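K.L.:
Assembly of the complex is requested from the two constituent chains, each provided in isolation within its own frame, with the hints serving as guidance.
So the protein lines, in turn, are chains P and Z.
Going letter by letter, the first sequence gives residues 1 to 817 in the working numbering.
Going letter by letter, the second sequence gives residues 1 to 176 in the working numbering.
Hints in this document: simulated from the structure, not taken from any laboratory.
Given the structure is predicted, the values throughout are model-derived calculations rather than measurements.
Just so you know, even glycine gets a beta-carbon here, dropped at the ideal spot from N, CA and C.
It cannot be assumed that every hint is accurate.
[Said to hold, decoys possible] Residues of chain Z placed beyond 12 angstroms of chain P at every Cβ, according to the derived structure: (1) His70; (2) Tyr80; (3) Gly83; (4) Leu128; (5) Glu130; (6) Met136; (7) Lys139; (8) Leu140; (9) Asn159.
[What the hints assert, rightly or not] Chain P regions said to be covered by chain Z (calculated; three or more residues, Cβ under 8 angstroms): (10) 392-402; (11) 450-464.
[Said to hold, decoys possible] In silico DMTMM-like cross-links for lysine to aspartate or glutamate, where the CA-CA straight-line distance does not exceed 25 angstroms: (12) P/Lys684 <-> P/Glu666; (13) Z/Lys41 <-> P/Glu442; (14) Z/Lys41 <-> P/Glu412; (15) Z/Lys72 <-> Z/Glu111; (16) Z/Lys170 <-> P/Asp499; (17) P/Lys495 <-> Z/Glu166; (18) Z/Lys41 <-> P/Asp444; (19) Z/Lys61 <-> P/Glu658; (20) Z/Lys139 <-> Z/Glu129; (21) P/Lys495 <-> Z/Glu27; (22) P/Lys495 <-> Z/Glu108; (23) Z/Lys170 <-> P/Glu491; (24) P/Lys587 <-> P/Glu620; (25) Z/Lys61 <-> P/Glu491; (26) Z/Lys56 <-> P/Asp499; (27) Z/Lys50 <-> P/Asp499; (28) Z/Lys61 <-> P/Glu512; (29) Z/Lys45 <-> P/Glu412; (30) Z/Lys61 <-> Z/Glu97; (31) P/Lys405 <-> P/Glu509; (32) Z/Lys137 <-> Z/Glu97; (33) Z/Lys41 <-> P/Glu453; (34) Z/Lys45 <-> P/Asp499; (35) Z/Lys170 <-> P/Asp657; (36) Z/Lys41 <-> P/Glu439; (37) Z/Lys74 <-> P/Glu439; (38) P/Lys677 <-> P/Asp657; (39) Z/Lys61 <-> P/Asp499; (40) P/Lys495 <-> Z/Glu57.
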Amino acid sequence: MSENSSPQNPKAEAEAKTESSPSSPQDPEQLEGLFNLMSDLQIALANSPNPSKQGNLTDKGKRKLPPPPPPPSLMKARGSRQEAAGKRQEEGGDREELEEFLQTSEDDDPTPLPPLPSALSELEVSAQEQLPLANPEDEGEIVEIQAETIAESPREQFPSAKKSSSLSAWLYGEEVEETEETVERLRLLLLDLLLEENLSANNSNQEAPSFNEATQRQIAKIDRKLHDPATLGKLIFPVFGELLRRKIAQSPQEVIEIFVPLIASIVEERGREDKAAMSKALAGVIPGALSKQIGDAPDEVIQAIAPAIGRSIKEQVRLDKDAMVDALYPVIGNTISKYMGEIIKSINKQVEDAFSLQGIYRKFRARIRGVSEAELILTQSVPFAVQAAFLIHKDSGLVIAEAQKADAQALEADMMAGMLTAIRSFASECVPQDGKTSELTEVDYESFQIVMEVAGYCYIATVTQGEPPAGFYTKLRNTLSAIILNYSYGELIDKYNGDPSMIPRAVYELLESLINNPIEEVKTKKKRRPFGVLAIALFLFIFVGIPWGFFTYRQQVAHGLERQVMAALLSNSELAFYRINAEAKRKTVILNGQVPSDRLRQQAENIAVSLAPSWQLRNEIVTVGLPTDPDRLRQEIQRQSLVFNQLPGVKITVRYDETKGNVIVEGGISQNENSEKIAETFEKIPGVNSVLLTLNERPVPSQERICFDRGGITIARQEINNKLLPLADYLKENPDLKLRIIGHVDNSGEAQLTEDLAPRRAVVVRQVLRNAGIASNRLETTKGDLQLPPGVTQNDPLWVNRCVRFEEVKMASTQAN
Amino acid sequence: MTVISKKMCMLGDFGVGKTSLIRRFVERQFSDRYLSTVGVKISRKTVHLKDVQTEKEQELKLLIWDIEGHTKFKSISPAYLQGSSGVLVVADLTRQETIDHLGDRIQEYREINPHGQVAIALNKSDLLEEEEVLEMKNKLNLPEAILGVYNTSAKTGNNVDTIFQELAYKLWLTNC
Ligand SMILES: Nc1nc2c(ncn2[C@@H]2O[C@H](COP(=O)(O)OP(=O)(O)OP(=O)(O)O)[C@@H](O)[C@H]2O)c(=O)[nH]1
Ligand SMILES: [Mg+2]
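Just chain Z, with the same shape it has in the complex (with noise of 0.2 angstroms):
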């Protein structure tokens, strides 16, 4: 069985835990350290898929493109996510403005790629009250044609598996 290969992008605010989410998403670890992104950096795991509905299994390689967060002054080089077959877009649940600016991040990503995956990771849960973050959830105003918006936690591990499993499985069924 071949292995597929994609590239998915994280794409959010500075700061919001993108690299982390890889991190423990790859690595299965977590540091308290915050050492910004600079430029690009490349990450790689290969995933097992199963469809349940027709017993297809697959190995799917996930080459995952953490890109420098946003920043007031400077927006990051579009070239990073050409070609790429889906995004996590990553906010921090303690800073309102990063969960502002998901519109934004998505728009930019769907400009250069139309039919790209998105995903939503409200990251940072593990520091507010489960109905906090529901609340925050339900708050949001976001465009149709999302995958999923997912509370996650880089720290305690919550729901980053099943974000970028989900995300790749998708990928894998879009094939695109």
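The following block holds chain P by itself, in its conformation from the complex (with noise of 0.2 angstroms):
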């Protein structure tokens, strides 16, 4: 094999390759399977092709893509075949496929082609040009054992295999299935493989090897085994992964012509029987390659999904309104909360005076007016006014005419009619529809619009709160008729010179009565009414009017009960804060609402039930963690930290940090109990999540001590600040507290520099505490202590002993002493 271990031969290199790697999915015993085949070609090696059918095959084989280009092996193989053959004249039909396959392999032009790239490409050619070659009438017996094999193979392997019973058009290779072929092909490339490993292994033989009966019934049985497409696939599955690698390199484009076809199938198949696995397959590279086509092709992108974009809104709207509702929000949210606004505020109104006297004034007065009762609802909820109306110049943008509410700021009209006008040529020309020119209308701000009438040469502009109603749209339609009917003549307005003077007044007056009275009344023509109206009238009244009138009696009760309980739930300190809402229908109150507590909902109960004893309840107030008005609970917090600062010996200030919820409780208490007692009190005001202590255990002011310096009997500031002025307070929250005041000084022999230095000390601190407000007869004065403070040893700094202390004594024992 010393030829085919040479390093330009690719095939060599990737046997070597396939071989030594031990990660190479080869399965061992297909391995040998290939050896054992090798083995056994390595006699039928001998059996090379006759030379004599070369030329046949070529003249045949026109429709071939570029043959196997012999590598050095086979070139030097080819040498030792035509001498063996001679030999080989009288052989067996069997013989002489395998003659075929080992000629498809060596014919054609000599271009030196890397042998593995043509063998595949061969794959595409179909077997029709070899098959008809191995004459039919001879080989009738094998193509028989084929065609079974072939027909027993499993189909999942080989799905078209089954066709291939239709024998004369496998064998004349009509309408040959792709997978055939590339079975086909596979067997050739192989043999082909094998055929050159022989062919260098036996290059050494100078004499061909005898031939005999055994060695025929070999290649028989070799051939069927090729023709086996279970036992071919096995054979040719480990190389397979080599040889498509190979031939991708040397050339891709081949590979991709012959794998065109075939992947939109495969996709397909792959996606019928696995979805998710061919989901997941795909899922990391759609992205981006969607993104890669809407930088390359954004219209096609555009084209493809556009007509789904619709039915994909309908969709997530269907399945998540709330999701989509979000998602739009920040666009036409204002829009949307106007427009609920107004919705809500007009259907609350209509709810509430559905069947009151207001809703029948309100229907009397539609149909006086003309105008529809929704209509007129929404004019009730949104009260409508006009704050000025200007009459422009249309070209220019100049005031010709303007008037303005008298109680509210003026507007600039010159600046706003300038930039209307310009506004408006923009729109124009932005907007051309088709030929026709379309006029701005309206401009539509948070809580106020520009409805504008357009005449030929000018317009009027009104600033509008509110909906207008139709009758506006119509006032302002007759107010600009007007004008151009009685003052368009002369050119006034046409070319107007942007001197006011010339205007006459009663176009001001036009104006101002667009702002004073801006809805027109449309008077409803009279119909005669015939006599039998006013019998049906009378019908209707009693058996529609009566009962009708009855059920809006009940209705009045019903409300006033709703607004007694509503008002009491207000009322209620701890209620009020909440919304609950009262309903009262068919003898039944019903409460709903939210509330953070059991006990608010049952209190919200009690007051209901108190309120309307003889009526059902249906309590639907939901206990919820609700989002507390952060205000009120600030209140809340703030009452709270004062009740406990009351208490002895607690100084504490409490926070509220509003984004988490917590409250943070700063300071000092003396006692222990307390800090758990704060933090559960603070715990339990609704909305807050949890309580922060950071407490000092601070000592009661009586049990601080005052220090002095060295031989000092003067007290520092923050001494006082932080020491004796809470005991002052302390003092006065307990007035039945008296102090012992007792001084000390360090055992450094301080005694000596001073006299009485410790009486003095408790003098001093004395007269602070007085001085602060605390009666003297309840500080006490002691001769001083000489002995170490309390509490302090030898080991203490000198510091701790220069020292006032106190003791609290109760009022009631110092009588009693």
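P.N.:
What follows is the structure, encoded as structure tokens:
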């Protein structure tokens, strides 16, 4: 195998690789089969093809793609085979077929293309070029076997195999299925490979081995094996990956051509088999692919997805409306909220006075005015007002005449008119409507809108608040018509020269009327009512009106009760904060709303029951962790902290962190149980998530000691502020307390420095407390204590000795003393 | 005495100093920063006029439409020019092409307002020597019926009030 191991031979390389690589996916058994076959073929090598058949084959092989270019080893082998040719004259049909294969692997042009690619490319060319060559008459038997084996082969592996039972079609290459071709090709390829190996191995054998019957059978066997797709598949499987890899490396285009027709059906088939796996495989690439495509050819993508977008939105709305609303809110939020506000307002009102007198009155008015009831409801929910009206020259944007509400801040007419005119020309230029000129008629702001009515040379712009009723548009149109008809003569408006004094007074009056009386009253035509109508009306009154009246009365009672319950709920300090709704109908009071605790829920129920004892009660209040009103929450927290600060020894400040719902308590307390009480109390406040206590275990002020400099009797400022003043407060809070003030000196001989140092220190402290407003009879000084203060040892620093300490004395006990 | 309102426009290539001239005239300010105008901005200033011959006086409110500058790629919307009584066509003395375009700008304006008053401002005169400015002015080849050509500077204020005042005066007299 010396030639094969030469590095120029890619196949040798690949083989070496597959054999040496332990991670190669080859099944050892299959490898063995391959080797067995190879050794079998070693004998067959002696049966090199008859060179006389070569020409024959090349004629027919005109459809063939570039043939397998023989590797060096093969070239050499060719010589040896030709030598042996003469001896193989009388060989059997089955042997001839093998010869065919051998020939195909070496015929045609000698262009030194690498062997593997050609073998692969042959996969594409159907077997029809080769099989018919193997004389069908001679080989009937083998062909039959082959057909059988294919028919028996598992379908999953060769799905189209069953079609091969159409033997003649298969034999003559008509409509041969791709799979069959592929199998056949692979078979050839394999043979090619094996042959090569054997040839090179046999190359050294100068003498061709003698031929015998056993060999012939062997060949037949091999051949059958090779025709059996299953066996072939087994054989080819381990090397197939490598073959493909190399082919792709050498001529990717060819491989692509081979696979392209298959890819779509592969994907489809796989998708049908296992959707999840396919989705998983594709999921990784699709977003990337999509964004790439959007970058490269956005129009295509748009065209592809546009038809689906409407439906996707619909579907998404069906699935999760809230998500959709959330997504769109930043864009249309204002519009929606404004719209919803209006709708809700009007609906509330409608519900409220559906059967009230007001409702009837409105119906009545609607009839008189000739406006729809709905419109009237809307008008009533948002008060409509006209802030200003301008008559503007259309071209120049100059204000011809103006009228503004007297009580409001005046609008800058010139600037507004100018900008409006600019916007109008901009808008009409940007939105060309196939030849037609379109006019801007409304500019909508958050809290007001500009409604315009446009004529030929001028337009009226009105600044309005609230939803304009239909009557206003009528009024606007009528006003503009009146101006044009009456005053647009003599180019007064058409060629307005900027001099407002030229404009007749009446124009101003017309604009003023727009503000003061913005809604046109439409006169309904009076119809002559036949007498029958009266009869019907009477009938209606008796059979509909009276029951309806009773119903209305009951409604009134229910409304009254509702209001009563609501008022009671609102006046309850704890419930007032939560929006609880009371509804009374059909002898039942329904409460709904949200409160943070069951206790409050019950409380609301009790209130309702007490007010309507004869009514049923349905309590639909839910208890939830409500987001509480931070202001109220703060108030409550402050209130509680005040309560705590009343306690002796408690000095805390409380903050509320709105973002986290935390209450932060800082300060000092003297008793540990207080801290628990504090935490508990604040935690109970609805809306508080947690309480952070950062409290110093502060001693009661009377436990503090006042320190002095060596030999000194002056009290440091911070000692007064931090200890004595709190102590004074403490005494004021506990009026039945007396203090015994005891001075100390350190044991370094300080007492010798100044006379009576300890009692004098006590007196100074007493003076400070007296100055802070503590009665002197509550402050008792002692002679001083030359012992160490309690709790202080010899090892402590000297300065802790130089102090004044206090002892609490109950008033009663002193009196007893 | 009623105040008469007049619409006038500023025309010219981008960056020649239209906005700056208005700013100097109306707000008495100047900035080196360049903020290109988009669309149109309207400013307003009332000027007091007096006819020396007739002793007549008049308050005139100028509504000045500062229109975005012409660029190679975008010409302005003619709708902005409609109904204006006068125009101040501006060029930048330091950019010859803006001076070359003056004729086109005037033409453009006249198509919409055949009787409008036209004044020309050769702006940024502070960047050139006086002789250079004069030379430039003499080279100008402009159609007749131009109210006047002024070398202006929004930076120093040179001729800014004059040119607006002159234009306003003319608008009042012709009253169109
Ligand atoms: N030195 C100097 N610079 C000026 C003068 N007038 C304007 N500039 C500068 O030129 C630049 C452009 O000025 P703008 O007034 O914005 O020009 P414009 O014509 O309004 O530009 P567009 O809005 O794009 O049409 C700014 O940086 C100004 O500071 C001037 O008289 N002298
Ligand atoms: Mg500008």
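K.L.:
None of the hints should be skipped; say for each whether it holds.
P.N.:
How the hints compare with the structure:
Consistency note on Z/His70: stated as away from chain P, and its beta-carbon is indeed over 12 angstroms from all of that chain's, at 16 angstroms minimum. With 12 angstroms as the threshold on Cβ separation, the claim that Z/Tyr80 sits away from chain P is violated: the shortest Cβ distance comes to roughly 6 angstroms. The Cβ of Z/Gly83 sits about 3 angstroms from the closest Cβ of chain P, inside the 12 angstroms cut-off, so the non-interface label is violated. Residue placement check: Z/Leu128 keeps its beta carbon more than 12 angstroms from all beta carbons of chain P (closest about 34 angstroms).
Even its closest Cβ contact with chain P, about 37 angstroms, leaves Z/Glu130 beyond 12 angstroms, as expected for a residue assigned away from the interface. At roughly 33 angstroms from the closest C-beta of chain P, the C-beta of Z/Met136 stays outside 12 angstroms, upholding its exclusion from the interface. No beta-carbon of chain P is positioned within 12 angstroms of the beta-carbon of Z/Lys139; the least distance is around 34 angstroms. No Cβ of chain P comes within 12 angstroms of the Cβ of Z/Leu140; the nearest lies about 29 angstroms off, and the non-interface call holds.
Separation of Z/Asn159 from chain P is adequate, the least Cβ-Cβ distance of about 25 angstroms exceeding the 12 angstroms criterion. By the rule of at least three residues with a Cβ nearer than 8 angstroms to a Cβ of chain Z, the coverage given for the stretch 392-402 of chain P holds, with 7 such residues. For the stretch 450-464 of chain P, the proposed coverage by chain Z is not satisfied: 0 residues have a C-beta within less than 8 angstroms of a C-beta in that chain, short of the threshold of three. About 18 angstroms separates the Cα atoms of P/Lys684 and P/Glu666, which keeps this hinted pair within 25 angstroms; it holds.
For the given pair, Z/Lys41 sits about 21 angstroms from P/Glu442 by alpha-carbon distance, which is consistent with the 25 angstroms threshold. At most 25 angstroms may separate the alpha-carbon atoms for a hinted pair to count; Z/Lys41 and P/Glu412 meet this at roughly 15 angstroms. Annotation: proposed proximity of Z/Lys72 to Z/Glu111 holds, straight-line Cα distance about 20 angstroms (limit 25 angstroms). A hinted pair counts as satisfied when its Cα atoms are at most 25 angstroms apart, and Z/Lys170 with P/Asp499 qualifies at roughly 15 angstroms.
For the hint linking P/Lys495 to Z/Glu166, the alpha-carbon distance of about 23 angstroms falls within 25 angstroms, and the restraint holds. A threshold of 25 angstroms between alpha carbons decides the hint, and for Z/Lys41 with P/Asp444 the separation of about 20 angstroms falls inside it, so the pair holds. With a CA separation close to 54 angstroms, the supplied pair Z/Lys61 and P/Glu658 exceeds the 25 angstroms bound. Between the alpha carbons of Z/Lys139 and Z/Glu129 the distance comes to roughly 16 angstroms, so the proposed pair stays at or under 25 angstroms and holds.
Between P/Lys495 and Z/Glu27, the direct Cα distance comes to roughly 31 angstroms. Violation of the 25 angstroms bound is thereby established for this hinted pair. Simply put, P/Lys495 and Z/Glu108 have alpha-carbon atoms about 21 angstroms apart, close enough for the 25 angstroms limit, and the pair holds. At roughly 22 angstroms between alpha-carbon atoms, Z/Lys170 and P/Glu491 fall within 25 angstroms of each other, so this suggested pair holds. Distance restraint check for P/Lys587 and P/Glu620: the Cα-Cα separation of roughly 16 angstroms lies within the 25 angstroms cut-off, and the hinted pair is therefore satisfied.
With a C-alpha separation of about 21 angstroms, the suggested pair Z/Lys61 and P/Glu491 falls inside the 25 angstroms cut-off, and the hint holds. Of the pairs offered as hints, the one joining Z/Lys56 and P/Asp499 holds, with about 16 angstroms between alpha carbons and a cut-off of 25 angstroms not exceeded. A threshold of 25 angstroms between alpha carbons decides the hint, and for Z/Lys50 with P/Asp499 the separation of about 17 angstroms falls inside it, so the pair holds. Distance restraint check for Z/Lys61 and P/Glu512: the Cα-Cα separation of roughly 24 angstroms lies within the 25 angstroms cut-off, and the hinted pair is therefore satisfied.
This hinted pair checks out: Z/Lys45 and P/Glu412 have alpha carbons roughly 13 angstroms apart, not beyond 25 angstroms. With a C-alpha separation of about 33 angstroms, the suggested pairing of Z/Lys61 with Z/Glu97 is violated against the 25 angstroms cut-off. For the suggested pair P/Lys405 and P/Glu509, the alpha carbons sit about 13 angstroms apart, so the restraint of at most 25 angstroms is met. Restraint check: the Cα-Cα separation between Z/Lys137 and Z/Glu97 comes to about 14 angstroms, which is no more than 25 angstroms; the hinted pair holds.
At most 25 angstroms may separate the alpha-carbon atoms for a hinted pair to count; Z/Lys41 and P/Glu453 meet this at roughly 24 angstroms. At most 25 angstroms may separate the alpha-carbon atoms for a hinted pair to count; Z/Lys45 and P/Asp499 meet this at roughly 16 angstroms. Restraint check for Z/Lys170 and P/Asp657: not satisfied, since their Cα atoms lie roughly 68 angstroms apart, outside the 25 angstroms limit. With a C-alpha separation of about 21 angstroms, the suggested pair Z/Lys41 and P/Glu439 falls inside the 25 angstroms cut-off, and the hint holds.
For a cut-off of 25 angstroms, the pair hint linking Z/Lys74 to P/Glu439 stands: about 24 angstroms separates their Cα positions. A C-alpha spacing of about 20 angstroms is found between P/Lys677 and P/Asp657, which places the hinted pair at or below 25 angstroms, so the restraint holds. Note on Z/Lys61 and P/Asp499: the hinted pairing holds, with a Cα-Cα distance of about 10 angstroms set against a maximum of 25 angstroms. Taken as a hint, the P/Lys495 and Z/Glu57 pair is honoured in the structure, with Cα atoms around 23 angstroms apart against an allowance of 25 angstroms.
Of the numbered hints given earlier, the model fails hints 2, 3, 11, 19, 21, 30 and 35; all others are met.
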